[in-house]
Amino acid sequence: MLIGKPRDVRASEITPESIYRQRRQFIKGLAAGSAMLMSGQASALARYALDDEQQRYPGPDWLQQKLRAAGKSGEFSTAEKLTPYEHVTGYNNFYEFGLGKEDPKARAQGLKTDPWSVEISGEVHKPGTYQLEDILKGVDLEERIYRLRCVEAWSMVIPWVGFPLADLLKRFDPKGNARYVAFTTLEDPQQMPGQRSRFGTIDWPYVEGLRMDEAMHPLTLLAVGVYGDALPPQNGAPLRLVVPWKYGFKSIKSIVRIHLSEEMPPTSWNRTAPQEYGFYANVNPAVDHPRWSQSTERRLPSSLFSPNIIDTQPFNGYADQVAHLYKGMDLRKWY
Amino acid sequence: MVLSIAALHRHPVGRWCFWSLLFFGSLIPLGWISWQAVQQQLGPDPAQVVVTFLGIWALRYLWITLAVTPARRLLGVNWLQRYRRMLGLYALFYASLHLLAVATFILGWRPDLLLRELTERPYIIVGFIAWLLLLPLGTTSTQGWQKRLGKRWKKLHWLVYPISLLVLLHFAWLIRAGYLEVLIYALILAFLLGYRLYLKMR
Chain R
1 MLIGKPRDVR
11 ASEITPESIY
21 RQRRQFIKGL
31 AAGSAMLMSG
41 QASALARYAL
51 DDEQQRYPGP
61 DWLQQKLRAA
71 GKSGEFSTAE
81 KLTPYEHVTG
91 YNNFYEFGLG
101 KEDPKARAQG
111 LKTDPWSVEI
121 SGEVHKPGTY
131 QLEDILKGVD
141 LEERIYRLRC
151 VEAWSMVIPW
161 VGFPLADLLK
171 RFDPKGNARY
181 VAFTTLEDPQ
191 QMPGQRSRFG
201 TIDWPYVEGL
211 RMDEAMHPLT
221 LLAVGVYGDA
231 LPPQNGAPLR
241 LVVPWKYGFK
251 SIKSIVRIHL
261 SEEMPPTSWN
271 RTAPQEYGFY
281 ANVNPAVDHP
291 RWSQSTERRL
301 PSSLFSPNII
311 DTQPFNGYAD
321 QVAHLYKGMD
331 LRKWY
Chain F
1 MVLSIAALHR
11 HPVGRWCFWS
21 LLFFGSLIPL
31 GWISWQAVQQ
41 QLGPDPAQVV
51 VTFLGIWALR
61 YLWITLAVTP
71 ARRLLGVNWL
81 QRYRRMLGLY
91 ALFYASLHLL
101 AVATFILGWR
111 PDLLLRELTE
121 RPYIIVGFIA
131 WLLLLPLGTT
141 STQGWQKRLG
151 KRWKKLHWLV
161 YPISLLVLLH
171 FAWLIRAGYL
181 EVLIYALILA
191 FLLGYRLYLK
201 MR
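Residue numbers (my numbering), protein chains in the order written: chain R, 1 to 335; chain F, 1 to 202.
Just so you know, these hints were derived from the structure itself, not from any lab. As the structure is a prediction and not an experimental result, all values here were calculated from the model. Glycine is no exception: its CB is placed at the ideal position from the N, C-alpha and C atoms. Worth double-checking, as some hints may not be accurate.
[Unchecked claim] Straight-line Cα separation of at most 25 Å, SDA-like style, residue types lysine to any residue; simulated pairs:
(1) R:Lys333 x F:Ile175
(2) R:Lys81 x F:Gln39
(3) R:Lys101 x F:Thr142
(4) R:Lys101 x R:Pro84
(5) R:Lys101 x F:Ile124
(6) R:Lys101 x F:Phe171
(7) R:Lys101 x F:Leu132
(8) R:Lys101 x F:Lys151
[As the list claims (entries may be wrong)] In silico negatives: residues of chain F with every beta carbon more than 10 Å from chain R:
(9) Phe23
(10) Leu92
(11) Thr104
(12) Pro111
(13) Leu132
(14) Thr140
(15) Gly144
(16) Arg148
(17) Val160
(18) Tyr179
(19) Leu183
(20) Tyr195
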């Protein structure tokens with residue numbers, strides 16, 4: 001069981017590798033078979049075909065196994081056209097690996113994502129440091145196709161695979177006075193060259209936070225996969241947050257610590273430029289970034305002569321689900 | 001090297017060769033980015049890549065133009081003087097393409113967006129003013145205008161100094177996560193302008 005003391009032995013170490021591999025093969029066959037039978041209506045997640053199969057990030061075997069068993073979520077997923085895998089994994093910000101949009105893919109491949117442990121601390125009844133494999137045990141993964149709106153006014157549509165953050169928090173039994181959840185990214189300048197730069201504006205490690213009701217919202221996801229496969233390091237492997245109604249920087253990557261607290265935790269971009277980035281950072285076309293407009297976005301991939309400019313939606317199009325969380329709040333003040 | 005180029009300039013063929021080298025060489029950045037765009041090598045957000053690329057080359061040409069005087073004084077490369085006009089016009093050329101790229105690729109010539117960007121975004125306003133100020137410098141860069149304006153020509157072209165500061169501000173205003181690149185260009189500009197101050201105060 002996950003809850004209780006952290007364990008030293010992981011499931012993949014108990015099962016002999018040969019049997020384990022046979023099992024994998026069996027499950028693979030099963031998944032492929034059922035997918036063929038049900039032709040697209042399969043409840044299990046079918047693998048996406050990629051232009052370049054070499055690009056897939058395999059991730060650890062135990063995770064592959066879980067990903068193959070993931071279900072599709074219709075309820076929360078958008079039917080919009082997906083941003084291709086090569087762009088989702090080849091064009092993003094992850095300043096721990098450099099400032100360029102192509103730096104994360106180029107420089108993150110060496111990140112050791114397994115084994116990975118996450119510390120759960122603060123106002124919970126069951127604090128401790130847990131192996132990610134153990135955290136995922138007993139968790140059913142599902143696919144969520146979400147819009148991702150970057151604060152820089154570009155956006156993507158991404159099929160994440162993960163599980164609700166609420167499920168995880170409940171298992172660690174938050175205390176009554178827990179009002180916020182704080183997250184911390186790995187700090188390891190050896191592996192993360194961006195953290196070695198002396199000219200950055202961010203204090204490492206990267207930290208983010210959510211109010212408890214935001215954290216418990218069913219849309220709030222902890223992702224371990226993308227496009228049916230393991231999350232690659234450049235996208236925040238092995239565990240990242242996805243909060244689709246907030247600007248992308250809220251969706252913190254490569255999480256090593258989840259801390260529940262009574263006080264509002266500091267957040268990295270707010271510390272760097274408080275007049276530009278608030279704690280909430282809800283996608284809001286009516287409130288501009290001080291330096292640029294937030295009323296429109298470029299949905300990627302975009303082309304030069306017919307730029308894919310679309311109007312940005314309040315709460316990134318998730319207003320029906322989340323607007324009530326902010327009832328009575330002046331969103332101009334609490335940007 | 002310096003000597004041989006100076007010698008080259010005593011001959012019309014040498015001058016022509018060097019002019020061609022500089023003129024066509026300065027089109028390489030444009031050619032390169034166009035080729036990359038045609039080949040679809042610019043990733044999912046080519047608009048951003050093209051705009052940034054053209055902007056940085058406009059800045060570089062402005063800095064290079066400003067480097068002519070210090071280079072002559074410090075390195076004795078007087079032949080550079082005859083290319084200063086071309087270099088300055090290339091700064092205007094890349095700045096104009098940069099602006100055109102913003103309007104076409106980022107804003108899609110949507111009037112509402114254009115108006116909003118030009119009235120509400122400080123960094124765009126600063127960049128746009130810099131471009132507007134470059135226009136009269138470009139048009140009066142010919143020898144004819146130089147003669148016509150006489151003493152006033154120098155006064156007008158003194159504007160290049162505040163323009164360079166506006167350009168630096170425009171660039172610095174875009175920083176999100178790292179300031180190393182801007183810092184390097186700022187230090188170079190500090191030297192280029194500081195050297196002139198030093199000459200004046202001496």
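| request: Beyond 10 Å from every chain R Cβ: check whether that's true for threonine 140 (chain F). | output: Its Cβ never comes within 10 Å of chain R, the nearest being 33 Å, so this holds.
| Consistency of the no-contact label for threonine 104 (chain F), given chain R and a CB cut of 10 Å | violated, 7 Å
| field | Beyond 10 Å from every chain R Cβ - status for tyrosine 179 (chain F) | value | Given a closest Cβ separation of 5 Å, the condition is violated.
| arginine 148 (chain F): least C-beta distance to chain R exceeds 10 Å? | holds, 41 Å
| request: Could you grab the alpha-carbon distance between lysine 101 (chain R) and phenylalanine 171 (chain F) and see if it respects the 25 Å cut-off? | output: OK: lysine 101 (chain R) and phenylalanine 171 (chain F) at ~18 Å, within 25 Å.
| field | Pair hint outcome, lysine 101 (chain R) versus proline 84 (chain R) [Cα-Cα no greater than 25 Å] | value | holds, 16 Å
| query | Can we confirm that no CB of chain R comes within 10 Å of the CB of valine 160 (chain F)? | reply | holds, 26 Å
| task | Classify the label on leucine 132 (chain F) as holds or violated, using whether its beta-carbon is more than 10 Å from each beta-carbon of chain R. | result | At roughly 20 Å from the nearest Cβ of chain R, leucine 132 (chain F) sits farther out than 10 Å, so the non-interface label holds.
| Between lysine 333 (chain R) and isoleucine 175 (chain F), does the CA-CA distance stay at or below 25 Å? | holds, 24 Å
| Regarding the pair lysine 101 (chain R) and lysine 151 (chain F), is the alpha-carbon distance no greater than 25 Å? | violated, 49 Å
| request: Compute the least Cβ-Cβ separation between leucine 183 (chain F) and chain R, then decide whether it is above 10 Å. | output: At roughly 7 Å from the nearest Cβ of chain R, leucine 183 (chain F) sits no farther out than 10 Å, so the non-interface label is violated.
| said: Would the hint linking lysine 81 (chain R) and glutamine 39 (chain F) be met if the CA-CA limit is 25 Å? | reply: holds, 23 Å
In summary, the numbered hints that this structure violates are 3, 7, 8, 11, 18, 19.
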